[in-house]
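Undergrad: Protein sequence lines correspond, in order, to chains S and B.
Note that the numbering used here has the first sequence beginning at 5, numbered continuously upward.
Note that the numbering used here has the second sequence beginning at 2, numbered continuously upward.
Be a bit skeptical, because a hint or two may be false.
Pairwise CB distance ranges, derived in the manner of DEER restraints [to be verified]:
hint: 1; chain 1: B; residue 1: 88; chain 2: S; residue 2: 110; range: 32 to 40 Å
hint: 2; chain 1: S; residue 1: 131; chain 2: B; residue 2: 15; range: 24 to 32 Å
hint: 3; chain 1: B; residue 1: 94; chain 2: S; residue 2: 97; range: 43 to 51 Å
hint: 4; chain 1: S; residue 1: 110; chain 2: B; residue 2: 95; range: 19 to 27 Å
hint: 5; chain 1: B; residue 1: 74; chain 2: S; residue 2: 106; range: 56 to 64 Å
Among the chain S residues that face chain B by a calculated CB cut under 7 Å, a handful are [as the list claims (entries may be wrong)]:
hint: 6; residue: 120
hint: 7; residue: 131
hint: 8; residue: 135
hint: 9; residue: 137
hint: 10; residue: 139
hint: 11; residue: 144
hint: 12; residue: 154
hint: 13; residue: 156
hint: 14; residue: 160
hint: 15; residue: 161
hint: 16; residue: 164
By construction, these hints were calculated from the structure, which means they are not laboratory data.
C-beta atoms are modelled at their ideal positions from N, C-alpha and C, and glycine is treated no differently.
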Amino acid sequence: MENLGIDGKLLLAQMINFVLFFILVKQFIVKPFTSFLNQERKNEEEKNRMLEKLKRSEEAGIEAEVKMKEKMKKEFDVLFVQAKKEAQGMKADLIKQAEADALEIKAKNSKLLEEEKNLLYREVKDKIIKTSLMIVENTLKDSLDESSRKKVTGAIIKNYQGRLKIYEN
Amino acid sequence: MKINPKLKQDLKSFLMEKIQKEQNRVLVLSADKLDIDERKLLEKKFSDLNWKDSVYQIDKSVIAGIIIKVGSKTIDLSLTGSLSKLSNTLYEID
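Take these sequences, add in the hints, and give me the full structure.
TA: Put into C-alpha cells, the structure is as follows:
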C-alpha cells in the first residue's frame with residue numbers, strides 16, 4: 005500500500021473521519037431534514053385530503069342544490085297545474101255567475117220596462133178617457149138647451165124598464 | 002150628570018123615527034124642474050118607493066135625466082151616470 009502511495013493511518017483516519025462525518029450528518033442533518041420532509045409530505049397529503057373532502061362536500065352541496073331545485077320545480081309544476089285548474093274552475097264559476105247575473109238584470113229590466121210600458125199605457129188611457137168624457141160632457145152641457153134636456157129626461161123616464169142597477173152608498 | 006131614562010127613551014125613539022123617515026124619503030135630482038106628468042110617470046115606474054115625503058131638487062151636474070136617492074140607495078138615470086158607466090167600461094177594456 006505504501007508503494008501505491010496510500011498512507012494506511014491517514015486512510016484510517018479519513019475513514020474514521022468519514023464514519024464520524026456520516027454519523028453526525030445522519031444524526032443531525034439527514035434525520036431532521038427527513039423528518040421535516042415527512043412532515044411536509046404528511047401536511048401536503050392532509051391538505052390534499054382536506055381539499056378532496058371539501059371538493060366532495062361542495063359537489064354534494066351542488067348535487068343537493070340541483071336535487072332541491074328539481075324537487076322545487078316538480079312541486080312548483082304540481083302547484084302550478086293545481087292552481088291553473090282552480091283558476092279555470094273559478095273562471096268558469098265567475099262566468100256562470102256573471103251570466104246568471106246578466107240574465108237576472110235582463111229579466112229585471114224587461115219587467116221594469118213592461119211595468120213602465122203598462123204604467124204609461126194606463127196613464128195615456130186615463131188621460132184619453134178623462135179628456136174624451138170632459139169633451140162629451142161639456143159638449144152636452146153646451147149643446148143641450150132646456151127643452152132638449154127635458155126631452156131626454158122624459159125619454160129616459162118613459163123608456164125605463166126597471167133593469168137598472170141600484171147603488172148602495 | 003144623570004139623564005132621565007124616560008127622556009132618554011123618548012129622544013131615542015124620536016131619533017129612530019127621524020132616521021127611518023130619512024131612510025125612506027125619496028130624493029129626485031134633475032137638471033130641470035120635472036112637470037106633473039113626469040112626476041106621475043116616475044111614481045108609477047117606481048111604485049115600490051114611498052113617494053109621500055119625496056123631494057125634488059135641481060142639480061145642473063146631472064146634465065139630463067134623473068138621479069133617485071132613497072136612504073143609502075141610488076138609482077142613476079142621468080147622462081152623467083151614463084158617462085160615468087161608459088168611463089168605467091172604457092177603463093175595464095184592455
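Undergrad: Decide, hint by hint, whether the structure agrees.
TA: So, going through the hints one by one against the coordinates:
Our hint of 32 to 40 Å for residue 88 of chain B and residue 110 of chain S holds, since their Cβ atoms are close to 38 Å apart. Here the CB-CB span from residue 131 of chain S to residue 15 of chain B is close to 51 Å, at odds with the stated 24 to 32 Å. Checking the proposed 43 to 51 Å range against residue 94 of chain B and residue 97 of chain S shows it holds: the Cβ atoms sit about 50 Å from each other. For the pair residue 110 of chain S and residue 95 of chain B, the beta carbons lie near 26 Å from each other, so the given range of 19 to 27 Å is met.
Residue 74 of chain B and residue 106 of chain S have their C-beta atoms about 59 Å apart, which keeps the hinted 56 to 64 Å range intact. The restraint placing residue 120 of chain S at the interface with chain B is violated, with a minimum CB-CB distance near 17 Å, outside the 7 Å limit. The interface hint given for residue 131 of chain S is broken, as the beta carbon of that residue sits about 12 Å from the closest beta carbon of chain B, more than 7 Å. The beta carbon of residue 135 of chain S is not positioned within 7 Å of any beta carbon in chain B (closest approach about 11 Å), and the interface hint is therefore violated.
At about 5 Å, the closest approach between the beta carbon of residue 137 of chain S and any beta carbon in chain B falls short of 7 Å, and the interface hint on this residue holds. With a least beta-carbon distance of about 11 Å to chain B, the hint placing residue 139 of chain S at the interface is violated under the 7 Å criterion. Among the interface hints, the one on residue 144 of chain S holds; its C-beta lies about 5 Å from the nearest C-beta in chain B, closer than the 7 Å criterion. The interface hint given for residue 154 of chain S holds, since its Cβ lies 6 Å from the closest Cβ of chain B, which is under the 7 Å cut-off.
Taking 7 Å as the C-beta contact cut-off toward chain B, the hint placing residue 156 of chain S at the interface holds, the least distance being around 4 Å. For residue 160 of chain S, the suggested interface contact is upheld, since its CB lies about 4 Å from the closest CB of chain B, less than 7 Å. A least Cβ separation of about 5 Å between residue 161 of chain S and chain B falls short of the 7 Å threshold, and the interface hint therefore holds. At about 6 Å, the closest approach between the beta carbon of residue 164 of chain S and any beta carbon in chain B falls short of 7 Å, and the interface hint on this residue holds.
Checked against the numbered hints given earlier, the structure breaks hints 2, 6, 7, 8 and 10 and satisfies all the rest.
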